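Undergrad: The lines below spell out each chain.
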Amino acid sequence: MPSSRRWQEARVFAISPEPIDMAAVTEAVADEQAGAVATFGGMTRAHNRGRRVIRLEYEAYDEMAVAEFRRLAGEAAGRWPLARTAIVHRSGVVPVGELSVAIAVSAEHRAEALAACAWLIDSLKHVAPIFKKEHFEGGEVWIGSLADCEHE
Amino acid sequence: MSATPVLTVSVLYFGLVKEKLGMGRETLEVAAGTGVDELMRELAERHGIEDLGAGSLRVAVNLEYVESSRVLVEGDEVAIIPPVAGG
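If you read the protein sequences in the order shown, they are chains B and Y. Per my numbering, the very first residue in the first sequence carries number 1; after that it's consecutive. Per my numbering, the very first residue in the second sequence carries number 1; after that it's consecutive.
Result set (DSS-like, lysine-lysine): computed pairs, CA atoms no more than 27 angstroms apart in a straight line:
1) B:K125 <-> Y:K20
2) B:K133 <-> Y:K20
3) Y:K18 <-> B:K125
4) B:K133 <-> Y:K18
Away from chain B, derived, C-beta distances all over 12 angstroms, residues of chain Y:
5) T4
6) L7
7) E29
8) E45
9) R46
10) E67
No wet-lab data here; the hints were simulated from the structure. All values derive from a computational prediction rather than experimental measurement. Cβ coordinates follow ideal geometry from the N, Cα and C atoms, glycine included.
Based on the provided sequences and hints, a complete structural model is requested.
TA: Set out below in structure tokens:
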């Protein structure tokens, strides 16, 4: 196994305090049997519900988040015939325009790669123990908290 | 009557709860047979975390979400999970 491949294997499910390299995440799922790679990148956007966002701050329960990524990938592989899956989520401050999450899925054909990728990001949002504080012009709020709901 | 056996568990806090409590982790001694629901009541009393929307808090033990009926055992790592917002 070449060293670059070993590095990829180790990075397939991760919480990263460093900026996410989408090319590396995509490369991690390359497989000779796979003719399709679907990717999803989530990015900090400048506006949210009428507020001007300055930056997002993510906190993760790292160990459990990685365990959930692995579990979700296993569940996806049970639903669709997939080759490989990689999920990397950023922790710490993520400025506007940077990736907070990257998912890559490879499969023999595009339909299952695309479906699995969409299912993975939807599921991740519901279960991964990752918490987000939005710093906006004039304040900050933990997303999903009661205080956040009052802003709706 | 003999004293109730005691067991030690760690409790982890994240996000809003961690910020309000000013700590991310504590070690607690609880009576053997204590369930997650009972632990949550005790934490609410001790820290006032019901004000943080206890209805929206989930609990994980040893890296997996659990039901509130789960009974704690020695060395459990209990995590109080506020609303998640990854992505």
